[in-house]
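Taken in order, these protein sequences are the chains called A and B.
Our numbering puts the first residue of the first sequence at 1, with every later residue one more than the last.
Our numbering puts the first residue of the second sequence at 443, with every later residue one more than the last.
Since the hints were derived computationally from the structure, they do not count as laboratory data.
What you are looking at is a predicted structure, and each value in this text was computed from that prediction instead of being measured.
Errors might be hidden in some of the hints.
Unchecked claim - Now the in silico label distances, taken between C-beta atoms and shown as ranges: (1) A:392 / B:688: 29 to 39 Å; (2) B:688 / A:422: 51 to 61 Å; (3) B:646 / A:63: 24 to 34 Å; (4) A:63 / B:675: 56 to 66 Å.
Note that beta-carbon positions come from the ideal geometry of N, C-alpha and C, so glycine has one too.
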Amino acid sequence: MNSISIANTGSVSNEQITRDLLPSKFGKRGWIWISVLVLLCLIGAFAYYRQLAYGLVVTNMRDYVSWGIYISNFVFFVAISLVGSLITAVFRLTNAKWATPLTRIAEIIAVSAIVFASLIIIVDMGRPERMLYLFTYGRIQSPIIWDVIVIGTYFVISLLLLYLPLLPDFKILINSKGPAILKKLYRFQGSFWKGTIEQIKISEKAINILCIAIIPVAFSIHTVTSWLFATTYRPGWDSTNFGAYFISGAFLVGSGGVVIAMYVFRKYYHLEKYLTEMHFEKMGRVVVLLSLLYLYFNINEYMVPAFKMKKPEQAHLEALFTGEFAIIFWFAIVVGMIIPIIILLFKKGRRPLPMFIAGIMIVAGAWFKRYIIVTPTLLHPFLPMSDVPVSYHHYFPSWEEWAIAIGSLSGALLVITFFARIYPIIPIQETITERHENNEEQ
Amino acid sequence: MKIMKNNKHILLLMSILILLCFQQSVAQKNETTKEVLQLKYYNDSNTIQYVAIESLLKKGKKTEPQPGKVYELYLDSIGKSHFIAKVVTDGAGKAKSFFPPALSSEWKAAAKHTLIATEPGKEDAVTELEVTKSKLSIDTTSAEGTRRITVLVEKYENDEWLPAPEVELKVGIQRLGGVLNAGEEETYTTDSTGMVTVDLNKDSLPGDENGNIVLVAIADNNDQYGNLLVTKTVPWGKAIRPDDHFFNQRTLWATKFHTPLWLLFMAYSIIIGVWGTIVYLILQIVRIKKLGTATDLQLTNKS
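Using the sequences plus the hints, can you model the full thing?
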């Protein structure tokens with residue numbers, strides 16, 4: 001029997017690794033989780049049906065706040081999708097082998113997030129049948145068209161980066177026990193993988209090219225998303241820093257998402273041997289670095305305009321610091337950045353459970369951060385609002401908007417959940433190979 | 443003594459001030475408010491007729507518009523068969539209504555008509571305006587370098603159209619901001635033939651792309667005929683081509699057909715570069731698939 005040793009856990013055979021990492025059926029908790037997500041998706045679908053039937057009037061978006069919770073949700077999805085490029089591409093190119101078990105988690109988060117980012121934009125359009133006009137009447141001068149192009153490109157690259165490393169695992173999946181329908185799917189997707197030297201060579205080369213290609217595309221996707229705001233002359237958006245500010249925030253929320261997924265998969269599928277405390281420790285260091293970086297950009301974004309306090313900026317900043325958005329603003333800063341930094345600066349804070357809690361804080365804080373990037377600016381135009389209904393001066397999403405936003409988040413989680421049921425969430429073949437290499441080195 | 447004199451002056455001044463204040467407060471108390479309803483008849487180009495009202499509230503010397511007031515308009519007498527419309531005044535206290543087709547025969551039947559406005563529930567407070575049916579026409583001649591505008595006003599009397607003398611008219615050229623006088627005078631009055639003749643004393647007026655300008659004749663708030671207006675387009679202007687040079691430039695704010703070349707080059711270079719890589723990678727997957735199929739065939743042949 002071919003056996004290899006794993007740090008802290010002694011020797012584990014290839015068969016054992018395969019058994020541990022093969023996708024398994026949902027248990028009782030799994031089905032409850034899926035039922036809740038499906039229910040939330042159905043409520044979201046019903047709310048969307050109402051929006052289609054009655055129009056965007058069912059939302060609370062009006063003349064001033066025309067980008068509400070949908071767009072903040074879109075920015076959130078685009079942000080979290082960037083983690084695919086960080087964990088898979090950046091870590092792979094820098095030869096950070098410890099991140100191998102995290103690559104597939106990061107990639108599926110990226111793919112599901114980018115799918116729902118595209119969907120939520122269609123929801124925001126109000127008239128989905130007009131989506132085609134984006135292509136027929138779109139102007140290449142508009143950052144919105146750049147966003148459409150770059151999202152499509154990033155989706156395809158992420159899908160390829162998810163698929164290519166899966167090829168070696170298909171051979172194992174086809175030979176494993178499992179439902180016939182899944183076997184059929186595996187055979188369709190990867191029965192041609194024989195693991196020949198030539199195939200491995202081509203595959204590795206292709207993955208390397210993908211890893212190089214995805215980095216500029218990932219940077220573009222979020223830079224362009226930031227330009228949707230920064231190219232508009234408005235208080236709070238008129239910044240040359242926005243691209244870097246958005247990318248640093250995106251890496252942070254994506255890493256927070258990976259940490260949550262790591263903890264949940266580790267706990268649910270008993271992957272303690274593969275997602276070890278070392279992985280949490282290293283991810284903790286990455287997350288704390290990203291949190292500090294994002295905090296730095298936040299200080300830049302708010303302190304510089306606050307120092308000058310130009311009249312239009314003043315109303316916007318006061319609404320954030322002490323006004324109607326103060327609770328959300330300080331929640332995003334304190335809970336989304338400062339507390340996680342404090343937790344993760346300490347070694348004890350970089351253990352699985354504190355990391356999981358910090359991850360939740362980061363992701364929740366990041367969602368609200370996108371909300372306060374989008375909405376308060378729209379409520380503070382340069383020309384004073386006059387002769388408009390009182391409701392136009394404020395914005396709070398309607399139940400339909402909440403339901404659709406929560407439904408889309410549930411949808412993304414559902415995609416990740418089903419992916420983990422169908423495919424190994426930690427690459428099997430890659431784990432075996434790497435551990436062989438480690439043993440040989442030792 | 444001097445002090446006493448000074449005090450006298452101060453006392454006198456104070457008494458005048460007190461009297462003035464008293465008078466002002468009495469005047470304010472006596473200030474009456476009065477509703478004023480102005481009724482006007484309009485006839486544009488002898489085809490579009492409508493009634494306009496303006497509801498005002500007079501408070502002393504001040505006049506304020508009355509928004510949201512409801513009025514019923516009638517032709518000749520109050521009754522269902524004479525009903526023109528029910529109107530509500532806007533923020534400026536104004537409202538208007540066109541004549542309904544049902545009143546067409548009634549309008550044609552007489553030479554003079556009375557327009558009536560009443561407020562629902564206050565039928566005794568009626569505002570009336572008497573109007574004589576009239577029409578305005580405009581004609582032009584151009585001879586020996588002189589361009590002449592002739593405006594004719596006719597009134598309907600004894601079942602025929604007769605010239606309407608002594609009607610004050612404004613004759614001019616329609617410009618963006620108002621009417622530019624065609625001749626020397628601000629207004630002209632029709633003679634016994636119901637006509638005014640004005641020599642256009644303005645050359646090379648900017649017209650549209652074909653050099654057209656719009657001549658206009660207006661009878662403004664005439665006691666007998668109301669407000670009349672007629673226009674005529676004549677090719678007497680200078681053809682002006684709008685300068686759309688700016689819109690034909692390749693700029694970031696132009697249409698998609700005028701995208702800057704540098705942007706097109708950059709965007710398509712990136713798209714071709716990235717999608718070229720994607721296509722290459724897909725071809726690599728196809729290659730892997732072919733290799734796998736070939737290996738399968740070799741294994742089958744061996745066995």
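Given a hinted range of 56 to 66 Å, is it respected by the beta-carbon distance of residue 63 of chain A and residue 675 of chain B?
39 Å, violated
Quick check: does the Cβ-Cβ distance between residue 646 of chain B and residue 63 of chain A fall within 24 to 34 Å?
45 Å, violated
Starting from the range 51 to 61 Å, see whether the pair residue 688 of chain B and residue 422 of chain A falls in it by beta-carbon distance.
58 Å, holds
Range hint compliance [Cβ, residue 392 of chain A to residue 688 of chain B, 29 to 39 Å]
Check passed, 34 Å falls within 29 to 39 Å.
The structure is inconsistent with the numbered hints 3 and 4, although it conforms to all the rest.
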